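Visitor: Turn these sequences into a full structure, and let the hints guide you.
Residues per chain, in single letters:
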Amino acid sequence: MKKFNRAFTILVFIFLYIPMIVLLVASFNSGNDVAVFKGFTFDQYKELFRDDDLLSLLGNSLIISVLASLIATILGTMAALGIHKMKGKLRSAVMTVTNIPMTNPDIVTGVALALLFAFAGVALRIHSILGFWTLLIAHITFNLPYIILNVMPKLSQMDPDLTEAAMDLGCTPSQAFFKVVLHEIMPGIISGMLMAFTMSLDDFVISYFVTGSGFVTLPVEIYSYTKKPMQPKIYALFTLMFIAILIIMSVMNLLQARDKTKRQRSRLLGGRVK
Amino acid sequence: MKSKWLSGPYILWMALFTLIPLGVVFYYAFTDSVTGAFTLDNLANIGNYLPIFLRSIWLSIFATVICLLIAYPVAYYIAHCKPGTQRFLQMMVMLPMCMSFLLRTLAWVALLEDTGIINNLISAIGLEPLPLIRNNGAVILGMVYNYLPYMILPLYTVIMKIDPRLIEAAQDLGCNSRQVFSKVILPLSVPGIVSGITMVFVPAVSTFYISQKLGSPGTILIGDVIESQFKSAYNPNLGAAMSLVLMILIFVCVGIMNRFTNDEEESMVTL
Chain A
1 MKKFNRAFTI LVFIFLYIPM IVLLVASFNS GNDVAVFKGF TFDQYKELFR DDDLLSLLGN
61 SLIISVLASL IATILGTMAA LGIHKMKGKL RSAVMTVTNI PMTNPDIVTG VALALLFAFA
121 GVALRIHSIL GFWTLLIAHI TFNLPYIILN VMPKLSQMDP DLTEAAMDLG CTPSQAFFKV
181 VLHEIMPGII SGMLMAFTMS LDDFVISYFV TGSGFVTLPV EIYSYTKKPM QPKIYALFTL
241 MFIAILIIMS VMNLLQARDK TKRQRSRLLG GRVK
Chain Y
1 MKSKWLSGPY ILWMALFTLI PLGVVFYYAF TDSVTGAFTL DNLANIGNYL PIFLRSIWLS
61 IFATVICLLI AYPVAYYIAH CKPGTQRFLQ MMVMLPMCMS FLLRTLAWVA LLEDTGIINN
121 LISAIGLEPL PLIRNNGAVI LGMVYNYLPY MILPLYTVIM KIDPRLIEAA QDLGCNSRQV
181 FSKVILPLSV PGIVSGITMV FVPAVSTFYI SQKLGSPGTI LIGDVIESQF KSAYNPNLGA
241 AMSLVLMILI FVCVGIMNRF TNDEEESMVT L
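Respectively, the protein sequence lines represent chains A and Y.
Per the numbering used here, residue 1 is the first one in the first sequence, and the count goes up by one each step.
Per the numbering used here, residue 1 is the first one in the second sequence, and the count goes up by one each step.
Accuracy of the hints is not assured; some may be wrong.
With beta-carbon atoms standing in for the labels, derived distance ranges [stated by the list, open to error]:
no. : chain 1 : residue 1 : chain 2 : residue 2 : range
1   : A       : 53        : Y       : 36        : 37 to 47 Å
2   : Y       : 177       : A       : 96        : 36 to 46 Å
3   : Y       : 5         : A       : 167       : 14 to 24 Å
4   : Y       : 39        : A       : 89        : 30 to 40 Å
5   : Y       : 68        : A       : 160       : 48 to 58 Å
Dumping the calculated DSBU-like pairs for lysine-lysine here, alpha-carbon to alpha-carbon at most 30 Å [claimed, not checked]:
no. : chain 1 : residue 1 : chain 2 : residue 2
6   : A       : 85        : A       : 262
7   : Y       : 161       : A       : 89
8   : Y       : 183       : Y       : 161
9   : Y       : 82        : Y       : 161
10  : A       : 3         : Y       : 213
11  : A       : 46        : A       : 233
12  : A       : 262       : A       : 179
13  : A       : 87        : A       : 179
14  : A       : 179       : Y       : 4
15  : Y       : 82        : Y       : 4
16  : Y       : 213       : A       : 46
17  : A       : 260       : Y       : 82
18  : Y       : 161       : A       : 87
19  : A       : 85        : A       : 260
20  : A       : 233       : Y       : 231
21  : Y       : 82        : A       : 262
22  : A       : 89        : Y       : 4
23  : Y       : 4         : A       : 85
24  : A       : 38        : A       : 233
What the simulated footprint calls covered on chain Y by chain A, stretch by stretch (three residues with Cβ under 8 Å from a Cβ of chain A suffice, anywhere in the stretch; the number is not a length) [what the hints assert, rightly or not]:
no. : stretch
25  : 139-153
26  : 233-246
Read the hints as simulated data drawn from the structure, not as lab findings.
Note that this is a predicted model, so its numbers are computed, not measured.
Note that the Cβ used here is the ideal one computed from N, Cα and C, for glycine as well.
Guide: Listed below in structure tokens is the structure:
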């Protein structure tokens, strides 16, 4: 059974990675057709770095995802601290609202925000409201739940006596927060932020509905490319992003591993069993 | 405790950009596109799209079941590896989730096309090319491929947490390995199964890109219709009515699914 599971798992991973391998290989293909490998070349990468339009779209995507994930991290961490203190009906009401963007299909979230912005555009008499700000608002909105759902478990794992211990040892409440609480929940904040960042960077559906012609992100542009003949330099961009995400995820992996060993060590030393 | 107020800005934000937009969807769904007067026509019109609704539901149920059947053994295998290997494999499952799903779907087009990679290979060994694309099967394949990681992760999370002592206890009490699975492991993985099903079914039933690229005009899904109401047919009121029905459908499904689990936060996917 174990052997079967192993072979099956390998097959599934092959299934998951084949399309990506196709794209990675296509980025070194000198021909235009993905299905026929004509010869090895770095030309697509040279083309990519000469294409200022494409690079500025990548820049747009990065600006939006960095800003959205940072703002969502600050708002979301504050929210998690607040929700952690809530009880009963209020808490479950807030958690229900938090789950709405998670449960709602992206298309409904996108459509709902697009209609809201159209409404606001009429009310505020702004002719073309869709653009940078609407995109940023939408991204912050769908990033927030990821931060909260990553930070909340860290807060409930935290020993509630820690803050008091810090204050007994002479910390002011704000020192106790910044030196103890923030430190304890940091792994949750970081993994939430990274998750939000990657979600933002790759989001197509919601962005597609809330963006105008003035400010376009990379996935939205890729979608419009796919209606025209595909440009192979996109594959080069895919390959570079693959490498970047691989690095981000490996860093996350290491952080997580370090967090686990630290937790185990502190459990051994302090006997905190939870 | 005044720290409760820290969540004030968040609650305001969610009210403005989650609750009010849903209200706006309601408003559009119940108003006429020209006069703005109250009407039920948009909702009544949805009846014409019933076959498309049913097809979306049926294809995504199929895809969800296949995902579950594929993901369970994989999640089980990962959960029984050494901790280091587990972390590595978990990362390998998450990596595709972070890569452009548009491009990965396009890669499938390149693989499945009539003159695509697979058919080139088939012709190379002297067989007839197969019709692999522009049918229901290709759409289901696209859904399974794109959403499989969302099934594997929650399953892995719950299977990993199962206390090995429970399995030993069941064995001591005379269960054979099949009974251990059906009486201990499977019931304990229900929260993961529920959240996996939700995480696959919801995006699958509302997709429009997969069906556009891998399907044909005969495999239009509800997402395609909603998209076209906003992007080409310009009837946002009908689009809003459809979004509303889709949303209610999904909340009902999720509500029913959550009946099977008691805890709200436990099976959530966190890194």
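Visitor: Out of the numbered hints, which ones does the structure contradict?
Guide: Structure breaks hints 5, 10, 15.
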